[in-house]
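Protein chains in written order, with my numbering: chain A, 1 to 325; chain B, 1 to 325; chain C, 1 to 255; chain D, 1 to 255.
If you're looking for bench data, these hints aren't it; they were derived computationally from the structure. Misleading hints may appear alongside valid ones.
Partial list, computed: chain C residues near chain B (C-beta under 10 angstroms) [said to hold, decoys possible]: (1) T25; (2) A90; (3) N219.
Derived CB-CB ranges, DEER-like [stated by the list, open to error]: (4) B:T231 / A:E236: 24 to 30 angstroms; (5) C:D63 / B:L11: 47 to 53 angstroms; (6) B:H237 / A:M319: 18 to 24 angstroms; (7) B:N47 / D:P197: 55 to 61 angstroms; (8) C:N7 / A:G49: 45 to 51 angstroms; (9) C:S231 / A:H237: 53 to 59 angstroms; (10) C:S231 / A:D292: 52 to 58 angstroms.
No residue lacks a Cβ here, since even glycine has one placed at the ideal position from N, Cα and C.
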Amino acid sequence: MKIIQDGNGPLLQPFDLDDFRDFNRSKPRALVDKRMNEAEAVSRFINNGDYIGTELYGTVRCPQSLVNEIVRQGKKELRVAGQGVYELDILLAAGLVKALDHTYIGLEVYGLSHCLRREVESGRVEQCVEWSNAAIAWRFKAAAMGVPFLPTRSMLGTDTLKYSAAKVVEDPFGGQPIALLPALILDVGLIHVHRADRYGNAQIEGISGFAEEMARASKRLIISTEEIIPTGQIREHPEKTLIPYYLVDAVVEAPFGSHPGEMCYRYERDEPQIKAWARASREPESTQAYLDRYIYDLNDHQEYLNLIGEERLQELQAMVPGGGK
Amino acid sequence: MKIIQDGNGPLLQPFDLDDFRDFNRSKPRALVDKRMNEAEAVSRFINNGDYIGTELYGTVRCPQSLVNEIVRQGKKELRVAGQGVYELDILLAAGLVKALDHTYIGLEVYGLSHCLRREVESGRVEQCVEWSNAAIAWRFKAAAMGVPFLPTRSMLGTDTLKYSAAKVVEDPFGGQPIALLPALILDVGLIHVHRADRYGNAQIEGISGFAEEMARASKRLIISTEEIIPTGQIREHPEKTLIPYYLVDAVVEAPFGSHPGEMCYRYERDEPQIKAWARASREPESTQAYLDRYIYDLNDHQEYLNLIGEERLQELQAMVPGGGK
Amino acid sequence: MTTSSYNPTELMICTASRLMEDNTTAFIGTGIPMLAAALAQKTHAPNLVSIFEFGGTGALLEDLPLAVGERRSFHRALAASGILDVVETAQRGFIDYGFLGGAQIDPYGNLNSTVIGDHDAPKVRLPGSGGGNDVGSHCWHTIAIMQHDSRRFVPRVDFITTPGYLTGPGAREEAGLPRGSGPYRVVTPLAVLGYHPQEKRMILLATQPDVSVEQVQENTGFELLLAENISQNPPPSPAELSILRDDVDRDRFYI
Amino acid sequence: MTTSSYNPTELMICTASRLMEDNTTAFIGTGIPMLAAALAQKTHAPNLVSIFEFGGTGALLEDLPLAVGERRSFHRALAASGILDVVETAQRGFIDYGFLGGAQIDPYGNLNSTVIGDHDAPKVRLPGSGGGNDVGSHCWHTIAIMQHDSRRFVPRVDFITTPGYLTGPGAREEAGLPRGSGPYRVVTPLAVLGYHPQEKRMILLATQPDVSVEQVQENTGFELLLAENISQNPPPSPAELSILRDDVDRDRFYI
Numbered sequence: 001m002k003i004i005q006d007g008n009g010p011l012l013q014p015f016d017l018d019d020f021r022d023f024n025r026s027k028p029r030a031l032v033d034k035r036m037n038e039a040e041a042v043s044r045f046i047n048n049g050d051y052i053g054t055e056l057y058g059t060v061r062c063p064q065s066l067v068n069e070i071v072r073q074g075k076k077e078l079r080v081a082g083q084g085v086y087e088l089d090i091l092l093a094a095g096l097v098k099a100l101d102h103t104y105i106g107l108e109v110y111g112l113s114h115c116l117r118r119e120v121e122s123g124r125v126e127q128c129v130e131w132s133n134a135a136i137a138w139r140f141k142a143a144a145m146g147v148p149f150l151p152t153r154s155m156l157g158t159d160t161l162k163y164s165a166a167k168v169v170e171d172p173f174g175g176q177p178i179a180l181l182p183a184l185i186l187d188v189g190l191i192h193v194h195r196a197d198r199y200g201n202a203q204i205e206g207i208s209g210f211a212e213e214m215a216r217a218s219k220r221l222i223i224s225t226e227e228i229i230p231t232g233q234i235r236e237h238p239e240k241t242l243i244p245y246y247l248v249d250a251v252v253e254a255p256f257g258s259h260p261g262e263m264c265y266r267y268e269r270d271e272p273q274i275k276a277w278a279r280a281s282r283e284p285e286s287t288q289a290y291l292d293r294y295i296y297d298l299n300d301h302q303e304y305l306n307l308i309g310e311e312r313l314q315e316l317q318a319m320v321p322g323g324g325k
Numbered sequence: 001m002k003i004i005q006d007g008n009g010p011l012l013q014p015f016d017l018d019d020f021r022d023f024n025r026s027k028p029r030a031l032v033d034k035r036m037n038e039a040e041a042v043s044r045f046i047n048n049g050d051y052i053g054t055e056l057y058g059t060v061r062c063p064q065s066l067v068n069e070i071v072r073q074g075k076k077e078l079r080v081a082g083q084g085v086y087e088l089d090i091l092l093a094a095g096l097v098k099a100l101d102h103t104y105i106g107l108e109v110y111g112l113s114h115c116l117r118r119e120v121e122s123g124r125v126e127q128c129v130e131w132s133n134a135a136i137a138w139r140f141k142a143a144a145m146g147v148p149f150l151p152t153r154s155m156l157g158t159d160t161l162k163y164s165a166a167k168v169v170e171d172p173f174g175g176q177p178i179a180l181l182p183a184l185i186l187d188v189g190l191i192h193v194h195r196a197d198r199y200g201n202a203q204i205e206g207i208s209g210f211a212e213e214m215a216r217a218s219k220r221l222i223i224s225t226e227e228i229i230p231t232g233q234i235r236e237h238p239e240k241t242l243i244p245y246y247l248v249d250a251v252v253e254a255p256f257g258s259h260p261g262e263m264c265y266r267y268e269r270d271e272p273q274i275k276a277w278a279r280a281s282r283e284p285e286s287t288q289a290y291l292d293r294y295i296y297d298l299n300d301h302q303e304y305l306n307l308i309g310e311e312r313l314q315e316l317q318a319m320v321p322g323g324g325k
Numbered sequence: 001m002t003t004s005s006y007n008p009t010e011l012m013i014c015t016a017s018r019l020m021e022d023n024t025t026a027f028i029g030t031g032i033p034m035l036a037a038a039l040a041q042k043t044h045a046p047n048l049v050s051i052f053e054f055g056g057t058g059a060l061l062e063d064l065p066l067a068v069g070e071r072r073s074f075h076r077a078l079a080a081s082g083i084l085d086v087v088e089t090a091q092r093g094f095i096d097y098g099f100l101g102g103a104q105i106d107p108y109g110n111l112n113s114t115v116i117g118d119h120d121a122p123k124v125r126l127p128g129s130g131g132g133n134d135v136g137s138h139c140w141h142t143i144a145i146m147q148h149d150s151r152r153f154v155p156r157v158d159f160i161t162t163p164g165y166l167t168g169p170g171a172r173e174e175a176g177l178p179r180g181s182g183p184y185r186v187v188t189p190l191a192v193l194g195y196h197p198q199e200k201r202m203i204l205l206a207t208q209p210d211v212s213v214e215q216v217q218e219n220t221g222f223e224l225l226l227a228e229n230i231s232q233n234p235p236p237s238p239a240e241l242s243i244l245r246d247d248v249d250r251d252r253f254y255i
Numbered sequence: 001m002t003t004s005s006y007n008p009t010e011l012m013i014c015t016a017s018r019l020m021e022d023n024t025t026a027f028i029g030t031g032i033p034m035l036a037a038a039l040a041q042k043t044h045a046p047n048l049v050s051i052f053e054f055g056g057t058g059a060l061l062e063d064l065p066l067a068v069g070e071r072r073s074f075h076r077a078l079a080a081s082g083i084l085d086v087v088e089t090a091q092r093g094f095i096d097y098g099f100l101g102g103a104q105i106d107p108y109g110n111l112n113s114t115v116i117g118d119h120d121a122p123k124v125r126l127p128g129s130g131g132g133n134d135v136g137s138h139c140w141h142t143i144a145i146m147q148h149d150s151r152r153f154v155p156r157v158d159f160i161t162t163p164g165y166l167t168g169p170g171a172r173e174e175a176g177l178p179r180g181s182g183p184y185r186v187v188t189p190l191a192v193l194g195y196h197p198q199e200k201r202m203i204l205l206a207t208q209p210d211v212s213v214e215q216v217q218e219n220t221g222f223e224l225l226l227a228e229n230i231s232q233n234p235p236p237s238p239a240e241l242s243i244l245r246d247d248v249d250r251d252r253f254y255i
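Isolated chain A (complex conformation) (with noise of 0.2 angstroms):
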């Protein structure tokens, strides 16, 4: 089996799975009862230098309560996957990431990240290697099935797959050239979810993203959620719990968790505030301004969520068909 082709890019989070194996059997298989706040959840679980992620489309179940206390707590030197917009920016734009398995980061309709920008060009983030969205999410499986790697036709013949740390192989069976993308293992998993009970069984509504492959790719995993329900609730339909408890750390109730992303059937999302972002982001003043005002000059969600105003939430909530309820 030949390697017709190696990308350049580092490993940025170099794995071996017997490790992540016995990490897996030190975690408990007893139903504990894990919920605590968002500031206890980051400092027991989250530590400077990590290998983060967070799972999320767009703005869609951003676990933004999660990222504005990791900001608040400053862990520094973060590596991150990344595919965001609003809360991948926030981290950039407070400094506290170091190096990018980068897929996408910008503003979508707003246009390019001004924070991405500043900090790649600087050399404050010190590496980005690229990938495409679904490859970063097979990483995610490959970690998640347990084996070394996944095989994609994505990323062949591009400049992407030289600045990838994936391998091009001739396949074995129909000596096709085929790339092959190494797992992925996080330190620490960040997924904002609709319900959960008390032992992070999870569930979430519509659309799945890459929920079920990144909770399952975490060595620590932090749930928020918008509502902590009954264990007798996700046993009577075990077929809508996506993340089982035993791979959960920390479960955080966050209503509005995601603000000023949406969760879907609850609440739409902030477009204003996304909007304000889009514009205090263009200069570090204005970007610090808006930091100050939404992050550090808070103590926690709850008073993130009295700033923006029950008025306001009330609002995005009846912008959904059905009242968000």
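Once you have looked at the hints, place chains B, C and D on chain A.
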């Protein structure tokens, strides 16, 4: 990337991913009414010599009305992916199987399969290639992903691998031995579901076995369903669609289509019927008598249901808490 | 075109919409492709099957999705799964059309959305591939939606984020990309372009209303092949514009 | 043991049940392991997390599953997924115990459930691996449940369906199997056996009631290592038997 070991087993279903893509390209994207009975589905979509697969676990969701029709029409020299109890035993009993990608064929608590013994020990089944249950499901998954292989740590170090068509290679990232399982693309897949619309959008209740993987690994896909539902009902809960319509070639309405197997939440397994088969299958004569009575002497699934009897079928429903509705 | 009764965005939406065939599957990205798909469903392609990257298949685009993952992207859809199911479906050959964008495009339809300048010391760091590379690798036909000037239409892109025909005929297959897949059209405010069947180089097929072949070439940083009969696109019809303005984007989110 | 107040199946169920620890995950197969798991949940291991091959995780085994895929295998479970999620969970190191069976076992715990005689001209064609090879490859500890005679306990199995310690110390790791995983116990009507920590060969740990060490060795086709103190298992307690008979298998499906 060194090849450490080649399984000696033949690849019973050689594949070309670009041919598979061309085939999939030719399948209609339009919503076409695909309802037909077992006779039409089997005669139109299954040919002698085809490689077929059934999706089920034990006797759960066993597509028996379709398998009975295959026997009735005497589709022969079939190559089959083997993980099953009753339905594969019936195919073997009818002498229609030429080669097996084998994982498990037996009668579970009722012991060995006498049909398997007779067919394999006599050499009428010409080839048995060995795999584990998950290996076969991963081979479907590889096809479903459109990639030539998936890696696994199953089968390593065993005769199961030696008598498979897998390869052991040195992982180019970590250097450890890893098994590569070749994609398995079915000529025809057979899946029995709880609900489907006329176009083939299908829902399954409870655990899903390997239905999603096998559906996506099938060039032609025949769905049998306990009931046909309006497409509006599909659109109300799109997250419940495990098999989207564009994969499907035929939708066969088959209430109690899994009998004597079970459908979770609808009806239980017909234990006396399974026991009757376990007894009958011991000797060729009694095997033939069973096939005559339950398949050859009947024209279709309705006559089969009449033979089993309304009363018995209602008993099987009544065994399910909630009475099977 | 400032004096015309429609703006360039509306023109591009209508042009892209007309390229969408009924009863085909189309991988829809944020922005113009969403509006084009919604417009197509409400005009000539009621059975267009929209596929959104993060899991929505066959949604009814009654309300305009604002992003590829939000509820409108699987509103009354036929299936709602996740990103890997969708991209694997593309990899298996089930997705007919895919829409792409980028900061640069070259004569072979290679796209750059990663970086201007050197990757490791960039002049401008762009958003990155996102799903672009996946769409450009697996969909049968890709349609690029671009602004049109010679800074964007360049002889050689600084970085190949998403594969077009790479270096020319046979290069995709040689790289291991799916046989028979590749760039199909480029839609801009000035023109609709395609690719020469043998040479795989960009060819001018049609100019937008009130645009000359010369204008198109002047705004393109490389020599375009010219189709034998270069047609002129009709302007957006009043019907298209009213559906677009009063229905598709009635909240004027994009236009 | 014919005169005793319990049958050999009941003895094996109770013996296997006692090996199941509370708050561990166990991959449960058809037959005796199901009864043992249900008995354990109703006695010393109420929080035993049962995992069934085709997708059930954490079911409450109030009713005895008749097969690994039917509704009782995910009755009021914590999750209901599919075979790959379950086996990948094992491959990731989350499943502590797995139960296995077979027609032959060797001193290193290798199991044969594929064929007696030559694979391509078999004397007896057996059912095959099923999930056995997956369980034996990925679970941390495997427990084999076997009838006990020298036709089944053989120096060399005809076919290694499911990996034990293969050829001995280090062989699993060398083959690429997960570090630190492997055979743990063998439960038979005559004994409970383990594996020597260094040599990885089968060692006699305990005899079943009224069974002598000699009887065990006589019925084993190879030399057993002997633990320093070979204990004698207590018989099934009246409590265990009544729960087993009146509750777990009240319909007498298995016992």
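Going through the hints against the structure:
{"no.": "1", "hint": "T25", "result": "5 angstroms, holds"}
{"no.": "2", "hint": "A90", "result": "8 angstroms, holds"}
{"no.": "3", "hint": "N219", "result": "35 angstroms, violated"}
{"no.": "4", "hint": "B:T231 / A:E236: 24 to 30 angstroms", "result": "27 angstroms, holds"}
{"no.": "5", "hint": "C:D63 / B:L11: 47 to 53 angstroms", "result": "49 angstroms, holds"}
{"no.": "6", "hint": "B:H237 / A:M319: 18 to 24 angstroms", "result": "22 angstroms, holds"}
{"no.": "7", "hint": "B:N47 / D:P197: 55 to 61 angstroms", "result": "57 angstroms, holds"}
{"no.": "8", "hint": "C:N7 / A:G49: 45 to 51 angstroms", "result": "49 angstroms, holds"}
{"no.": "9", "hint": "C:S231 / A:H237: 53 to 59 angstroms", "result": "56 angstroms, holds"}
{"no.": "10", "hint": "C:S231 / A:D292: 52 to 58 angstroms", "result": "57 angstroms, holds"}
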